[in-house]
Structure formats: C-alpha cells, structure tokens
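Asker: Dock chain B against the given chain A, drawing on the hints supplied.
Here the protein sequences come in this chain order: A and B. When we follow the working numbering, the leftmost residue of the first sequence carries the number 1, and every step to the right adds one. When we follow the working numbering, the leftmost residue of the second sequence carries the number 1, and every step to the right adds one.
Keep in mind the hints are simulated off the structure, nothing from the lab. The structure presented is a predicted model; accordingly, all values stated were derived computationally and were not measured. For glycine and all other residues, C-beta sits at the position ideal for the given N, C-alpha and C. Honestly, I wouldn't trust all of these hints.
[As the list claims (entries may be wrong)] Among chain A residues calculated to face chain B with C-beta under 10 Å, some are:
#, residue
1, Gly47
2, Val60
3, Ala81
4, Ala153
[Unchecked claim] So the derived label-pair ranges between C-beta atoms look like this:
#, chain 1, residue 1, chain 2, residue 2, range
5, A, Ala105, B, Gln100, 36 to 46 Å
6, A, Ala109, B, Leu183, 16 to 26 Å
7, B, Ala121, A, Glu106, 38 to 48 Å
Single-letter residue listing:
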Amino acid sequence: MNKKTKGAIAAAAGGVLLLGGVGSLAYWSSSTVIGGEEISSGTLKIGDCGNGVWTENGVVLDDVTAFLLVPGETLTYACDAAITATGDHLTGTITADTAGITGNAELLAAIAATTTVTLGGGVLAEITDANDGDTVQVAVELEFDADTELEVAQGEKIQLAALELVLQQTAPH
Amino acid sequence: MNPIRWGILTVAALAALAFMTVQQSAALWRDSTQITDTTITSGTLSLLVGNAGGQSKSHSMPDFGGSNLYPGAVIQRPLTVKNAGDIAMRYRLQSVAQAQANGKNDVPLRLQTWIVADAPACPTSGTPPGIGGYAGALAAAQWPPAPGWERLAPDATAVWCLRVTVGASADTNQASVITLNYLANS
Numbered sequence: 001m002n003k004k005t006k007g008a009i010a011a012a013a014g015g016v017l018l019l020g021g022v023g024s025l026a027y028w029s030s031s032t033v034i035g036g037e038e039i040s041s042g043t044l045k046i047g048d049c050g051n052g053v054w055t056e057n058g059v060v061l062d063d064v065t066a067f068l069l070v071p072g073e074t075l076t077y078a079c080d081a082a083i084t085a086t087g088d089h090l091t092g093t094i095t096a097d098t099a100g101i102t103g104n105a106e107l108l109a110a111i112a113a114t115t116t117v118t119l120g121g122g123v124l125a126e127i128t129d130a131n132d133g134d135t136v137q138v139a140v141e142l143e144f145d146a147d148t149e150l151e152v153a154q155g156e157k158i159q160l161a162a163l164e165l166v167l168q169q170t171a172p173h
Numbered sequence: 001m002n003p004i005r006w007g008i009l010t011v012a013a014l015a016a017l018a019f020m021t022v023q024q025s026a027a028l029w030r031d032s033t034q035i036t037d038t039t040i041t042s043g044t045l046s047l048l049v050g051n052a053g054g055q056s057k058s059h060s061m062p063d064f065g066g067s068n069l070y071p072g073a074v075i076q077r078p079l080t081v082k083n084a085g086d087i088a089m090r091y092r093l094q095s096v097a098q099a100q101a102n103g104k105n106d107v108p109l110r111l112q113t114w115i116v117a118d119a120p121a122c123p124t125s126g127t128p129p130g131i132g133g134y135a136g137a138l139a140a141a142q143w144p145p146a147p148g149w150e151r152l153a154p155d156a157t158a159v160w161c162l163r164v165t166v167g168a169s170a171d172t173n174q175a176s177v178i179t180l181n182y183l184a185n186s
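The following block holds chain B by itself, in its conformation from the complex:
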C-alpha cells in the first residue's frame, strides 16, 4: 500500500475514533420533566400626544405659535399626553429643539409647564391651576429632570399646559420652530 493510502486510512481511523468519543460523551444519562405549560406575554408601551379629541405619535400644534409677537408676549396651550399601551408608563419631557424658520434668527424663548386637570384648565393666558413644572430657557427644557419621571397608568391621560414667553432680547424679524420630545419608559 502506498504512503498516501496509509495516510488516508490513518486519518479515517482517527476521525472515526473522535466521532465515537463525542458520541459517548453525549450519551450520558439524562432525565427531564416538563415544568410548566403556560404562556408569557410582553407588555406594550405607547405614548401618544395630541389634544382632548385625539392623540398620535407625532402631533402638530399650529395654534402654539403666532406672528408679530413682541418681547414678553405669551403663548399658552394645552397638550394631552396619553398612555396608549397596556403597562404602567414613566415619561418625561425629554428635550425641546428649536430651529430657525425661513432662514431667520432664533427667537429667544422661555418655557413654563404645568400639569393641569383638563384642557379647559389651561387658558390662553394667566397662571393655570395645576402643578408647576419646568421654568427656564426653552432650549434647555427637561421635566422632570432625569432620572425623574412622571407616571401614567394604561389608558390614562395627563394634560400639560405649555407656556412660551418671548424673551426681552428678541430682535425684530426673527422666527423659530420648536419641537417638544417626550420620552416614555416602562
């Protein structure tokens, strides 16, 4: 027999031996028992925003703005936040983004928030009867401050009263678009 054939036979023998070793180690005793026959379900987390009539994941508030505003001018509107999931939800106003509009300079703005009983409790002016929240520069807004959270039970809603005040340093012919980002957690 030539060396090549001997080599093939040797490799084959080693392979067979290795296979038998693996088979043997897997053949140790094993017993098992079923421990439960049930189903586990994960919850659903869903935060929606809008008005009293309806909420969605993204909501536009065209009335939360104005034109020809002046330093000290106030815009105040309610925003409904809803837990549309089936588990208790923690959430906060995570951040507010301010962008230039129409190529004009940003308007210096101040934000104040309250949580009120319902939308009528957030008039277009005047301090609303509710629990005060954030008060400060709009661009730095976050409420409650991390790691704090507001809480909402499934299907519950909270009404935020949002007030924006034009800063005293506002110049003429300025415009901004603001975006409020709410973050929810389980």
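So here's chain A without its partners, still in its complex pose:
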C-alpha cells in the first residue's frame, strides 16, 4: 500500500471517529424550567459632595487657598453626600482617596488623610442597604505631620483636584 492510500484510510478512520462523537449528542435528553422569576442586581452610588466647608481647629475658612498650613495643624473638609445602596447583603465603606493628589513631594509626604462618616451624629463605619436614601456627613481630615522638622515642606503646595471620595463595596459576608 502506498503512502496516499494509507493517508486516505487514516482520514476515513478520523471521519468515523468524528461521526461517533457527533452521534453522542443525540442521546436522550429532557429539560424543565426551574425559574420564572427575575433576578435583580443592587445599586451602590455616592452623590456629589462638592458643597463642603473647610475648617481648621473648628474655625471656618472662607478661602482655604489663603490659609498657610503648619506642622501639627489639621484641615477638615466637611460635606454631605447622598447614598444609594441596595442589596440584601451589600456593605461598603467611604474613604478619601488621596492617591491622585499632586504637588510638592515633601508636603505630600507630610500630609495624612483620614475619613469619618457620620449619620445623625453617630459614626457610620459601614454603609449597608439600610442607608439607601440617607444623606451622610463626611469629614476628610488632612493632618500636617507634627514631627516635620527643621525647614522641611515649607512654602509648598498640593493640588487637591484629584482628591476623591470613594464608596467601595466590601466583600459579601
């Protein structure tokens, strides 16, 4: 038998195997509807919080850009944000994301941000479905490290255009 003949036989055998495989899909099968109900996803949104007020040590600053910050001082930005949160087991947290802030390196390194969320005067550590429709009070504190020594970070600037308030879902329990 020459090589062409052997090749033809091999191709035919492959075809038989393929047909056998196709044939296996034709076994009996049956199905039934198990649902009929809709499944809906929840929601998680934080509203605009750009209407806030800057304070330092409880004193309102009409123009924060004119304030000269020194080590040990803390600037606080307070605003109200509407929450949309639906989901039976939904949980989330609100934090200020400072990653995108730009400016002079020494001052950037000396500033630490903390975020406090309150509702009705009480601290709200976690956003849940129960907070859907609530307006929470958010305070972002920017603290200038009191241990900043000598003449470090003097006369420097940081731009807060990229400072964001983030509502992040936490892993379902």
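Answerer: Only chain B this time, still in chain A's reference frame:
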C-alpha cells in the same frame, strides 16, 4: 506525561486560580466623587537676627565684646530679631554657648536681657526701659524658660537688649567667645 510536566501544569493552574480570585475581589462595586478642587499651601518659618539695618540667619556681633575688661565690667548691645516668614512665629533664646578663645580660660559671665522698643532704647550702659527677661549665669541662659515662647507676627521685629557682665571671680588673661542660639517654632 512525566511528573515534572504534571507539576508545572498544577502550579500554573493554581497560579491562574489565585490570580482570578484577586481580580474578583478587586472588581467589587466602586463609586467616587470629586470633593474639592483647591490648593493647600504650607507656611514658611524664618527667624533672622541682626541689627536695625538688616538681619540674617547667622549674625556676628563684634561690638558685643571687648578687651582688657575687669570684674564688674558691662557690655550692652541691641539685637534685632525678625520674623521673616509668612506665619505667626514662636521663639525663644534657647541657649548660650561659651567657648574658650585662644586657649585661654573661660571668663565668668552673667547675662541679662530686655525686650525694648527699638535699638536706641538699648544704650551701652544703664538699665534699658523695657521688659526684663533673663538674668543669671550666661551658660544657663534660656528665655522665656521652656515651654514658654515669645511671639512675633510675620514681618515683625523685636529688639533684645543684651547685657553681659564680667563676673567678680574673673582672673587675668582670660577670654571667651559666646554664641546665642534662638529657636523658632510655628
């Protein structure tokens, strides 16, 4: 397939699974809002010392000294302290260092300070019309005593009247160099 290949495939599968797990946990819902678009500026703290005509970070006072002094001799000179920064400043005379000069023994010295209205209010002798401050051994001088501070607004100056008196126990052929250190804080 040999054991080594199975091992590689297993590790690869686990790595892929782990990667997918991490990706999933990072893919939870997230919403954000910009909260402000402003700039924050830090202040500048700068304390300078000198005379009425000008100040610098380090100032030499060659006229605040003398030769052939004797026990009880007095040297009195004004020193201008300036807040050259843009924030309110707290400051004090933090310390005074006394060093031997030309290998000679230290002169026993006493220091007195006043804060006066201006340089002319600090004559070369006599008690100046001002607010009294430190009075005691030069080497232990500090005024106001910590944690106290004097205060100066931006661009403001204060004139200190400094008096050094040679101690009664001063011996002959002694010499000293003194350095006053001012400390400023925001």
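Asker: Okay, Ala109/A versus Leu183/B on CB: inside 16 to 26 Å?
Answerer: The hint (16 to 26 Å, Cβ to Cβ) holds, given that Ala109/A and Leu183/B are roughly 24 Å apart.
Asker: A range of 36 to 46 Å was offered for this pair. Does it hold for the Cβ distance of Ala105/A and Gln100/B?
Answerer: Since the Cβ atoms of Ala105/A and Gln100/B sit about 44 Å apart, the hinted range of 36 to 46 Å holds.
Asker: Quick one, is the Val60/A hint okay against chain B at 10 Å, beta carbons?
Answerer: 15 Å, violated
Asker: Taking the CB of Ala121/B and the CB of Glu106/A, does the distance hold inside 38 to 48 Å?
Answerer: Given a distance of about 41 Å, which is inside 38 to 48 Å, the answer is holds.
Asker: Let me know if the C-beta of Ala153/A comes in closer than 10 Å to any C-beta of chain B, holds or violated.
Answerer: 5 Å, holds
Asker: Does Ala81/A pass the interface check with chain B, least Cβ-Cβ distance below 10 Å?
Answerer: Hint holds; Ala81/A Cβ to chain B Cβ min 7 Å, cut 10 Å.
Asker: Do the numbers back the hint for Gly47/A, that is, is its least Cβ distance to chain B under 10 Å?
Answerer: 7 Å, holds
Hint 2 alone, counting from the list given before, is not met by this structure.
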